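**Q** Sequences and hints are given; from them, build the entire structure.
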Amino acid sequence: MGPTTAGVLQLVALTGALALVHIPLGNHMARVYSSRRHLRIEKWIYQGIGADPDTEMTWTAYLRGVLAFSAVGVLFLYGLQRLQGVLPGSLGFDAIDPDQAFNTAVSFVTNTNWQSYYGEQAMGHVVQTAGLAVQNFVSAAVGMAVAVALVRGFARSRTGELGNFWSDLVRGVVRVLLPLAFVAAVVLVACGVIQNFSGIHEVGQFMGGSQQWNGGAVASQEAIKELGTNGGGYFNANSAHPFENPTPFSNLFEIFLILVVPFSLPRAFGVMVGSVRQGYAILAAMGTIWLGFVALMMWTEFAHHGPAFDLAGGAMEGKEARFGIGGSSIFAVSTTLTSTGAVDSFHSSFTGLGGGLTLLGMMLGEIAPGGVGSGLYGMLIMAVIAVFIAGLMVGRTPEYLGKKIGTREIKLAALYILVTPALALVLTAFAMALPTPPHSMTNSGAHGFSEILYAYTSAANNNGSAFAGLNADTQWFNSTLGLAMLFGRFVPMVFVLALAGSLARQTPVPATAGTLRTEKPLFTGLLVGAILIITGLTYFPALALGPLAEGLA
Numbered sequence: 123m124g125p126t127t128a129g130v131l132q133l134v135a136l137t138g139a140l141a142l143v144h145i146p147l148g149n150h151m152a153r154v155y156s157s158r159r160h161l162r163i164e165k166w167i168y169q170g171i172g173a174d175p176d177t178e179m180t181w182t183a184y185l186r187g188v189l190a191f192s193a194v195g196v197l198f199l200y201g202l203q204r205l206q207g208v209l210p211g212s213l214g215f216d217a218i219d220p221d222q223a224f225n226t227a228v229s230f231v232t233n234t235n236w237q238s239y240y241g242e243q244a245m246g247h248v249v250q251t252a253g254l255a256v257q258n259f260v261s262a263a264v265g266m267a268v269a270v271a272l273v274r275g276f277a278r279s280r281t282g283e284l285g286n287f288w289s290d291l292v293r294g295v296v297r298v299l300l301p302l303a304f305v306a307a308v309v310l311v312a313c314g315v316i317q318n319f320s321g322i323h324e325v326g327q328f329m330g331g332s333q334q335w336n337g338g339a340v341a342s343q344e345a346i347k348e349l350g351t352n353g354g355g356y357f358n359a360n361s362a363h364p365f366e367n368p369t370p371f372s373n374l375f376e377i378f379l380i381l382v383v384p385f386s387l388p389r390a391f392g393v394m395v396g397s398v399r400q401g402y403a404i405l406a407a408m409g410t411i412w413l414g415f416v417a418l419m420m421w422t423e424f425a426h427h428g429p430a431f432d433l434a435g436g437a438m439e440g441k442e443a444r445f446g447i448g449g450s451s452i453f454a455v456s457t458t459l460t461s462t463g464a465v466d467s468f469h470s471s472f473t474g475l476g477g478g479l480t481l482l483g484m485m486l487g488e489i490a491p492g493g494v495g496s497g498l499y500g501m502l503i504m505a506v507i508a509v510f511i512a513g514l515m516v517g518r519t520p521e522y523l524g525k526k527i528g529t530r531e532i533k534l535a536a537l538y539i540l541v542t543p544a545l546a547l548v549l550t551a552f553a554m555a556l557p558t559p560p561h562s563m564t565n566s567g568a569h570g571f572s573e574i575l576y577a578y579t580s581a582a583n584n585n586g587s588a589f590a591g592l593n594a595d596t597q598w599f600n601s602t603l604g605l606a607m608l609f610g611r612f613v614p615m616v617f618v619l620a621l622a623g624s625l626a627r628q629t630p631v632p633a634t635a636g637t638l639r640t641e642k643p644l645f646t647g648l649l650v651g652a653i654l655i656i657t658g659l660t661y662f663p664a665l666a667l668g669p670l671a672e673g674l675a
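At the far end of the sequence shown sits residue 675, using the working numbering, and the numbering has no gaps.
Bear in mind the hints are in silico, worked out from the structure with no lab data behind them.
Computed from a predicted structure; not experimentally measured.
Idealized CB from N, CA, C, for every residue including glycine.
One thing to keep in mind: the hints can contain errors.
[Said to hold, decoys possible] Derived Cβ-Cβ restraints for the label pairs, each shown as a range: (1) Val516 x Glu178: 45 to 53 Å; (2) Gly201 x Thr629: 44 to 52 Å; (3) Leu654 x Asp216: 46 to 54 Å.
[Unchecked claim] Below, computed lysine to aspartate or glutamate pairings styled on DMTMM-like, alpha-carbon distance capped at 25 Å: (4) Lys165 x Glu283; (5) Lys526 x Asp176; (6) Lys526 x Glu283; (7) Lys165 x Asp176; (8) Lys533 x Glu283; (9) Lys526 x Glu641; (10) Lys165 x Glu178; (11) Lys533 x Glu641.
**A** Right under this line is the structure:
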């Protein structure tokens with residue numbers, strides 16, 4: 123079997139598996155967030171945090187809950203890292219430096235999981251499990267909660283109430299993420315991923331010296347790392363490390379974990395708004411972009427440009443032989459089109475155009491299918507903009523799901539899509555203009571520019587993957603990337619929840635003969651076109667200076 127055929131078969135198997143779980147998992151999540159019943163363990167948690175799960179919240183109260191919970195998470199994780207030197211199970215590692223501790227705390231709380239450190243050389247068992255792994259669960263649950271609040275904004279009318287943040291947060295962890303992560307961890311252990319709390323071991327003699335590896339609860343952290351679209355690896359090599367991702371099957375299973383919740387949330391959306399066909403329209407837009415990017419990535423990486431490429435069957439530099447070009451291409455597209463950031467290959471070693479595709483995937487706004495929760499609310503924001511454009515074209519007041527898209531709604535949607543490009547492009551410009559930051563670039567020219575553009579695009583879009591080749595462990599990058607992650611996560615959430623509150627207060631308008639049918643393929647095509655055009659106009663100059671210049675050279 124040739125490498126191209128193997129890649130296509132992996133894509134077919136992955137698509138089939140996602141299709142099988144789409145309806146049952148989507149229906150389950152819709153029931154979870156619509157139920158009035160609280161599990162006993164959930165009641166204990168509510169009592170412990172002093173929350174009343176039955177109290178409905180306005181969008182401002184919901185936002186205060188999101189921000190307060192996340193702020194506590196940043197402070198706790200920062201303190202845990204700064205105290206690592208005196209904690210048990212630290213494996214002898216010292217406390218993390220202040221700038222790196224700030225960057226890492228913000229990174230994991232914002233579901234970005236950008237890492238400017240070597241995991242196996244910096245973090246002990248307590249920080250990894252009680253700090254980083256816990257944030258993998260709750261940061262994903264926060265994104266899901268905000269998405270559900272926006273869905274309720276479309277589903278409800280004549281009220282300003284969007285549900286209860288604490289209830290949505292706890293249910294997302296207890297009823298969705300924990301059960302799925304438990305099953306996934308068992309599968310990963312069966313595949314050979316390690317799960318222990320052992321110390322540091324010497325692994326033989328290599329070139330006159332010994333190599334050391336430490337163990338850890340890797341399978342359990344790997345499961346939620348992918349399932350919650352987090353991406354922070356236990357080891358520096360991330361999902362290219364054999365302790366995290368040992369076989370081609372585990373590689374395909376981890377891609378499945380990355381995509382399963384984001385691709386199932388449109389079903390939950392359709393069920394909650396009372397029209398599953400609306401969910402299928404959103405799913406079709408996500409799936410079209412994802413499949414298109416996978417096809418383009420495989421084409422760029424399988425294209426032969428000389429004897430070395432012919433012998434290897436494609437661009438194998440920076441890719442694991444056990445995964446091949448097909449598995450690496452699918453993983454790279456899936457991790458950058460979601461907010462995962464995990465990597466099983468070296469994105470900097472992809473072809474110029476292939477590296478550009480990983481950048482473009484993040485620049486779309488992490489919506490195809492996007493991060494857990496953030497992908498759905500990002501796509502719904504783009505749907506609002508697509509409806510507005512369609513309304514301008516035919517001279518009608520735009521409507522979506524029975525709600526009018528007026529001045530307030532379109533302003534909030536426009537502000538949402540402007541935040542991350544502004545952060546990524548402005549900070550990239552500063553980093554290139556100032557004398558010190560470019561010293562962190564390993565490469566010069568277009569590729570070096572792509573390293574910095576990739577870093578800020580990854581941070582602002584809460585992706586977390588790195589182009590590599592950039593020394594990001596400096597005070598400048600730790601601080602500015604941390605700020606990009608903070609503002610890129612929470613400023614858009616302000617606009618999402620404000621939009622949800624505005625929609626929930628409206629009185630539904632009945633559909634007429636002139637109403638745009640947003641469940642039809644025509645709207646799906648309009649939505650995909652709007653996403654690509656808006657992204658292209660925003661980022662094309664920057665892409666032309668980096669990956670396009672390199673790829674066309």
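**Q** Given a hint of 45 to 53 Å, does the C-beta separation of Val516 and Glu178 actually sit inside it?
**A** violated (37 Å)
**Q** Given the hint that Lys526 pairs with Glu283, test it: the Cα-Cα distance must not exceed 25 Å.
**A** holds (18 Å)
**Q** Is the hinted pair Lys526 and Asp176 satisfied, with a Cα-Cα distance of at most 25 Å?
**A** violated (29 Å)
**Q** Are the Cα atoms of Lys533 and Glu641 separated by 25 Å or less?
**A** Judged against 25 Å, a Cα distance of about 24 Å means the pair holds.
**Q** That 44 to 52 Å hint for Gly201 and Thr629 (C-beta), does it hold up?
**A** This hint holds: roughly 48 Å between Cβ atoms.
**Q** Assess, step by step, whether the Cα of Lys526 is no farther than 25 Å from the Cα of Glu641, and give holds or violated.
**A** holds (17 Å)
**Q** Holds or violated: Lys165 and Glu283, Cα atoms, limit 25 Å.
**A** holds (22 Å)
**Q** Going straight from one Cα to the other, do Lys165 and Asp176 come out at no more than 25 Å?
**A** Roughly 11 Å between the alpha carbons, so the hint for Lys165 and Asp176 holds.
**Q** I want to verify a distance hint. Is the separation of the beta carbons of Leu654 and Asp216 within 46 to 54 Å?
**A** holds (47 Å)
**Q** Would the pair Lys165 and Glu178 pass a check requiring their Cα atoms to be no farther apart than 25 Å?
**A** Holds - the C-alpha atoms of Glu178 and Lys165 are around 17 Å apart, at most 25 Å.
**Q** Is the hinted pair Lys533 and Glu283 satisfied, with a Cα-Cα distance of at most 25 Å?
**A** At roughly 21 Å apart (the allowed maximum being 25 Å), Glu283 and Lys533 satisfy the hint.
Of the numbered hints given earlier, the model fails hints 1, 5; all others are met.
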